[in-house]
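Student: If you read the sequences in order, they're chains A and B.
The first sequence finishes on residue 302 if you use the UniProt record's numbering, and the numbering steps up by one all the way, no holes.
The second sequence finishes on residue 152 if you use the UniProt record's numbering, and the numbering steps up by one all the way, no holes.
Think of the hints as simulated: they come from the structure by calculation, not from any bench.
Among the clues, some could well be false.
The following residues of chain B were derived to be distant from chain A, with all beta-carbon distances above 12 Å [unchecked claim]:
#1 3
#2 4
#3 10
#4 15
#5 32
#6 90
#7 103
#8 133
#9 138
Covered stretches of chain A (in silico footprint by chain B; criterion: 3 or more residues with CB under 8 Å from a CB of chain B, positions within the stretch not fixed) [unchecked claim]:
#10 141–150
#11 207–216
#12 296–302
Just so you know, these numbers come straight off a predicted model, no measurement behind them.
For glycine and all other residues, C-beta sits at the position ideal for the given N, C-alpha and C.
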Amino acid sequence: MRNQEGPQADGESEAATSIPTSELDDWANFGDDDIMHQQSAIRAEEVEKTLFLGDKEPLSTLAAEYQSGSGILLEKIKVLGEKYAAIRRTRGDGNCFFRSFMFSYLEHILESQDREEVDRVKANVEQCRKTLQSLGYADFTFEDFFALFLEQLESVLQGNETSISQDELLCRSRDQSISDYVVMFFRFVTSGEIRKRSEFFEPFIMGLTNATVEQFCKSSVEPMGEESDHVHITALSDALGVPIRVVYLDRSSCDSGGVSVNHHDFVPAVGDLPNASSSSVTVTPFITLLYRPGHYDILYLK
Amino acid sequence: MSTPSRKRLMRDFKRLQQDPPAGISGAPQDNNIMLWNAVIFGPDDTPWDGGTFKLTLQFTEDYPNKPPTVRFVSRMFHPNIYADGSICLDILQNQWSPIYDVAAILTSIQSLLCDPNPNSPANSEAARMFSENKREYNRRVREIVEQSWTAD
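Same shape as in the complex, but just chain A (with noise of 0.2 Å):
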């Protein structure tokens, strides 16, 4: 709002020597609100531009976007292109994390079926209800997120009236009253199961960003548009017992000369081992997500 951009139609000369003094008021009316506000909405304006959740894309367009960049990156591309098929993007807008596991993890169900896998997941999702409520959180500030979850999970199983096709799957993904609803879900799962092992959590949180465990949980999981980390990752891993693998594409390389591409398995701890990566089975994730630098998008197996 205060931004002038160009010289203003009043007179140019008048302009030229009213500008540094009328530049510095501006600058200094201008708070850390305003600030915070304009790059909120400068911030908004950006992301608005693509979808929620893309369509699936063949591996080459991702090689594209980097024809004219890094080496490294190109060759890890075509590492990448003898285990994935394909890519779909997801909107970076802080809860990208948590929307290509809700995208991916719904149309696992779609297409597997798997019935089993669904009682699983929600017994774990009634124990993690359990868990906000002895952690004091009021029922009605999250039962609207669990209902729509548990909504849209029973909805994908087909064979009933309210049975949803993959092209409806992708529609409600990119609506916003059902999207945002489901990652908010995954936000409160996610915050309770921090807050409930915090003392597993404490000192990953303490690299992080050296805040408390309850500053955290308030500042980095629960309001939207907060980015994940590796400690997002874990604590809905664990929740809900299912596993992720993150695929890293940076420019990092070993000295052995060959190109290589590292992934991690979030396995989920067993049982109430304190440590997720004591499990002795191996386990192959199902959600497999691509992580660049500050994004997460979903990845295809061939």
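Using the hints provided, position chain B relative to the given structure of chain A.
Tutor: Coordinates of chain B only, in the frame set by chain A:
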């Protein structure tokens, strides 16, 4: 018409009636669940003690995914409250989460009264006074408290 936001606001109201936090009250205006009036009482043993400050909360159909617009109707003198009554508080902006209900919003504003954040001033005079001349600041706050009794 019953929409998710309206249904949620009914529950917010129920909770506020059944289990009201100390020193706050609030209710929707007649026939309009999307517009609320609220009163925050100045916390005891502080310069704000005895003040009754009126606010309005305007909700949209995006609630609870988006925060309401909250504004003081009573005149205020506070580092984080603008001249038009709007409030600079993180949970009403970028740190909003549906976890907060009306009771939590009002409680947060109440604690902001005695615990201002001088680093993001909405009222620079109040902010400067708060950090440089606490006596004068407290005197101005007492004035506002007295005005809150007489204003309609």
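Student: Evaluate each hint against the coordinates.
Tutor: Now for the hints, and whether the structure bears them out:
no. : hint    : result
1   : 3       : violated (10 Å)
2   : 4       : violated (6 Å)
3   : 10      : violated (9 Å)
4   : 15      : violated (6 Å)
5   : 32      : holds (20 Å)
6   : 90      : violated (8 Å)
7   : 103     : violated (9 Å)
8   : 133     : holds (21 Å)
9   : 138     : holds (24 Å)
10  : 141–150 : holds (count 4)
11  : 207–216 : violated (count 0)
12  : 296–302 : violated (count 0)
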